[in-house]
Amino acid sequence: MTSRAELERLLADGTGNPWPMRIVWLALAGVLAYAAVALGLLGPQFVNGLPKLAGAIGMMFPPRGIEHMPEFLWALAETIAMGLLGTVLGAVVAFPLSLLCASTTLPIRGLQFGFRRFADSLRSLDHLIWAIVFVRAVGLGPLAGVLAIAIVDVGNLSKLYSEAIDNAAKGPPEGVRAAGGQGAETFRWGILPQVLPNIASTTLYMWESNTRSATILGIVGAGGIGYQLSDRLRVYEWGQASLIILLILVAVYAIDLISGRLRRMLIEGR
Amino acid sequence: MKASVSLALMELGRRFGEVEAVRRVSFRAAHGEMIAIIGPSGAGKSTLMRLINRLVEPTEGRILAGDRDVTALTGRTLCAWRAECAMVFQQFNLSPRLNALTNVLMGSLQRHRSWRTLTGLFPHEERLRAMTLLDEFGLAHKAFVRAERLSGGQQQRVALARALMQRPSIMLADEPTASLDPRNAAQVMAALRTINRDRGLTVICNLHNVGHAREYCDRIIGLRQGAIVFDGPPAALTDAAARDLYGAEQDEADITQATPELQTA
Numbered sequence: 279m280t281s282r283a284e285l286e287r288l289l290a291d292g293t294g295n296p297w298p299m300r301i302v303w304l305a306l307a308g309v310l311a312y313a314a315v316a317l318g319l320l321g322p323q324f325v326n327g328l329p330k331l332a333g334a335i336g337m338m339f340p341p342r343g344i345e346h347m348p349e350f351l352w353a354l355a356e357t358i359a360m361g362l363l364g365t366v367l368g369a370v371v372a373f374p375l376s377l378l379c380a381s382t383t384l385p386i387r388g389l390q391f392g393f394r395r396f397a398d399s400l401r402s403l404d405h406l407i408w409a410i411v412f413v414r415a416v417g418l419g420p421l422a423g424v425l426a427i428a429i430v431d432v433g434n435l436s437k438l439y440s441e442a443i444d445n446a447a448k449g450p451p452e453g454v455r456a457a458g459g460q461g462a463e464t465f466r467w468g469i470l471p472q473v474l475p476n477i478a479s480t481t482l483y484m485w486e487s488n489t490r491s492a493t494i495l496g497i498v499g500a501g502g503i504g505y506q507l508s509d510r511l512r513v514y515e516w517g518q519a520s521l522i523i524l525l526i527l528v529a530v531y532a533i534d535l536i537s538g539r540l541r542r543m544l545i546e547g548r
Numbered sequence: 010m011k012a013s014v015s016l017a018l019m020e021l022g023r024r025f026g027e028v029e030a031v032r033r034v035s036f037r038a039a040h041g042e043m044i045a046i047i048g049p050s051g052a053g054k055s056t057l058m059r060l061i062n063r064l065v066e067p068t069e070g071r072i073l074a075g076d077r078d079v080t081a082l083t084g085r086t087l088c089a090w091r092a093e094c095a096m097v098f099q100q101f102n103l104s105p106r107l108n109a110l111t112n113v114l115m116g117s118l119q120r121h122r123s124w125r126t127l128t129g130l131f132p133h134e135e136r137l138r139a140m141t142l143l144d145e146f147g148l149a150h151k152a153f154v155r156a157e158r159l160s161g162g163q164q165q166r167v168a169l170a171r172a173l174m175q176r177p178s179i180m181l182a183d184e185p186t187a188s189l190d191p192r193n194a195a196q197v198m199a200a201l202r203t204i205n206r207d208r209g210l211t212v213i214c215n216l217h218n219v220g221h222a223r224e225y226c227d228r229i230i231g232l233r234q235g236a237i238v239f240d241g242p243p244a245a246l247t248d249a250a251a252r253d254l255y256g257a258e259q260d261e262a263d264i265t266q267a268t269p270e271l272q273t274a
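For the record, the sequence lines run as chains A and B. Under the working numbering, the first sequence is numbered contiguously, ending at residue 548. Under the working numbering, the second sequence is numbered contiguously, ending at residue 274.
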């Protein structure tokens, strides 16, 4: 049994000085406040702009341009295909790369570090920038979009896959190794069954996200519905633009729904 | 410490779809009694325990604590009842990333306003009380160590301190020793017995270990397929009665039949 004074001392020691942490929070609040003022979030530019936003939205009603529907639907299909093909291409390359980025499958620190930085650099640039680069290389059209999506996905997915691999439970692979399994067999039967649902679910989520990204790539000339949209906005066809936006909403919603279903099936096995 | 209340279960039942996990269970637990509930896996022991503190809602029957109808409690009064019948678990159920002291302080949630409990600004007296309880279990020097970095035996003792922090009148223990080695298991059982004797708490304890039930408890209740099939003092639980309770799958006959095959294989 410890004395009350001794317990008080242990309590005070363990709690420590709260001031350093408080100062960090205060400094953070100061930086945020400064940024909000400097960037106009708390200024007249924002307040006066709000009514004009209502005006811009008002011009979009009613949606017009039903006669262009076949053209729009074709462009939308192109966008969806861009997202799907880009995701699949990205995933196919990302999987082997993830094995080189995970410490479980590549225990050589220096090499693994190199592959990780390579993957980081692929995803550190946005789709839009890659699309501009690829439009230069392969010309206008959806191919540039597919490549832009794929290359960013290689970066994103290889990181997410490798984290799933490293977070897998160590027991099952130990079981396979103890049964006489070699490296590849240990991965195939000890780790892969554990991470497969996670990998599939991550990839499906990326597909959702890429469909949204693909809509914007058209603006820099990578084809699809985004090209149609930026074209209508350029000539102030607000009604047609709003029809396109509605189509995008429906398509993205439908893909979210399908992908959500598939993910639940994979994770819960039903 | 509140006075111990007597607890009465009346025709208590819980059905999960087609499965009747607990059926028409009735018993009365006297003030300060220590009761073991034993039975094979899937007999409904854990469900029964969770019916008592309403972590699982009963589909039939009633629970009375003194003159209160526990089955009718809602909202804040239900939370107060849960605080009054503290529970410890097989897997300890501590918050792994929080330190031992904070885990123990969870036992005082019911006594404070939400601005305190949500910001973690517990009064100094409570923090000291949590320290004192940790010290009772020999863990004062681990107060600022994360729960996940403690051994199983230490975690279960932190869980006991959290339970006592609630100032309970009843202690529910769901397989408290099943994840522990024999030495730690005996320590936890002894601690429960001490809590029962010194503080006069009613203790209801699910056990896999019939030996522990005999050694530490005043009364044994045997559960099979959700229903009570034995209720009496340890002396009345003969070996034959215990074997009957666990059914044929654990019979010696089965084991001796299986062994030669294993040896020839």
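Worth double-checking, as some hints may not be accurate.
[Said to hold, decoys possible] Label pairs and their computed distance ranges (CB to CB): (1) B:Leu-127 to A:Val-411: 48 to 58 Å; (2) B:Leu-64 to A:Met-337: 51 to 61 Å; (3) B:Leu-127 to A:Ala-283: 25 to 35 Å; (4) B:Trp-124 to A:Ala-305: 23 to 33 Å; (5) B:Trp-124 to A:Arg-395: 41 to 51 Å; (6) A:Leu-524 to B:His-133: 40 to 50 Å; (7) A:Ala-334 to B:Pro-105: 23 to 33 Å; (8) B:Val-238 to A:Glu-452: 34 to 44 Å; (9) A:Thr-280 to B:Gly-220: 29 to 39 Å; (10) B:Gly-161 to A:Val-411: 51 to 61 Å.
Derived by calculation from the structure, the hints in this document are not laboratory data. Every residue, glycine too, gets a C-beta built ideally from N, C-alpha and C.
Hint by hint, here is what the structure shows:
no.: 1; hint: B:Leu-127 to A:Val-411: 48 to 58 Å; verdict: 49 Å, holds
no.: 2; hint: B:Leu-64 to A:Met-337: 51 to 61 Å; verdict: 56 Å, holds
no.: 3; hint: B:Leu-127 to A:Ala-283: 25 to 35 Å; verdict: 31 Å, holds
no.: 4; hint: B:Trp-124 to A:Ala-305: 23 to 33 Å; verdict: 25 Å, holds
no.: 5; hint: B:Trp-124 to A:Arg-395: 41 to 51 Å; verdict: 46 Å, holds
no.: 6; hint: A:Leu-524 to B:His-133: 40 to 50 Å; verdict: 60 Å, violated
no.: 7; hint: A:Ala-334 to B:Pro-105: 23 to 33 Å; verdict: 50 Å, violated
no.: 8; hint: B:Val-238 to A:Glu-452: 34 to 44 Å; verdict: 41 Å, holds
no.: 9; hint: A:Thr-280 to B:Gly-220: 29 to 39 Å; verdict: 34 Å, holds
no.: 10; hint: B:Gly-161 to A:Val-411: 51 to 61 Å; verdict: 56 Å, holds
Violation of the numbered hints given earlier is confined to hints 6, 7; the remaining hints are satisfied by the structure.
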